[in-house]
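Peer 1: Each chain is listed here by its residues.
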Amino acid sequence: KQEVTQIPAALSVPEGENLVLNCSFTDSAIYNLQWFRQDPGKGLTSLLLIQSSQREQTSGRLNASLDKSSGRSTLYIAASQPGDSATYLCAVRLDSNYQLIWGAGTKLIIKP
Amino acid sequence: DGGITQSPKYLFRKEGQNVTLSCEQNLNHDAMYWYRQDPGQGLRLIYYSQIVNDFQKGDIAEGYSVSREKKESFPLTVTSAQKNPTAFYLCASSPLLRAEGNTEAFFGQGTRLTVV
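These protein sequence lines are chains D and L, in that order. Taking our numbering, the leading residue of the first sequence gets 1, the next gets one more, and so forth. Taking our numbering, the leading residue of the second sequence gets 1, the next gets one more, and so forth.
No wet-lab data here; the hints were simulated from the structure. All values reported here derive from a predicted model rather than from experimental measurement. Treat the hints with care, as some may be off.
On the chain D side, residues computed to face chain L include the following (Cβ under 8 Å) [to be verified]:
hint: 1; residue: 46
hint: 2; residue: 47
hint: 3; residue: 72
hint: 4; residue: 99
hint: 5; residue: 104
The beta-carbon is built from N, C-alpha and C at its ideal position, and this holds for glycine as well.
Required output: the full structure, derived from the provided sequences and hints.
Peer 2: Shown next as C-alpha cells:
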C-alpha cells in the first residue's frame, strides 16, 4: 500500500533563507507527483506537478525534484519570504486508479 | 475565470440532520473528488467520480453520499449516519488519468462543517 510521508511536520526559518521540504513515498509505481500550498482555512493551490518521466519542475522561486528509485521528492524554495508561510502538501497519483495519496503536510513559518 | 466553487464556506449542522455541500467546476474536467481534512492528518478521499452518473467510494465513504448528474457538479451529502462530521471538506477536479498530458488536480476553497 502506497504511503506518503512529509518530514518535518513543521519548520520555522528566518526570511531570506533557502529551504528544502521533503516528501517520501513507499511505492515507486507512480503516475505523477504534485506539490500544493494551503493557507489557513483555505483550499489547496497547485504549485508544481512532476510526471513520472521527469526529474524536476521549476516555477519562479520554487523547484521540485523527483527521484522515483529512492521514493523521494523535494520542494526547494529560494530566498524565502514571509508570504511563503503556509502548509505544503505533496500527493502522488498512482498508475492504477484516480486516487491521490497524500502526505500530512509541512507547516512552514518564515520569520521576518 | 475557470475554477472550482464550493459553497457554503461555513456550515453548521444539528445532530441528526443531513446537509449537502455544493461543488461546481467550469474546467471541463471529467474527474471530481471529495476529501475530508482533519487537523494533523493528510487528506482522506470520501468519493470520486470519473464520469457523469458514475461514482466510486473512497477510503471513508460511510455516512456520506454523492451524485453526479451533470459534469460540472458533484454535491456531497453528509448524512446523520456520519458520527463525527465536523471537519474541513475539499472538492477537487482533474482531467482523466488516461488522457494525454497533464492530470493536474485543482481544488475549491473548502467548506468547514461544524456540528452544533
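Peer 1: Which of the listed hints are not met by the structure?
Peer 2: 2, 3
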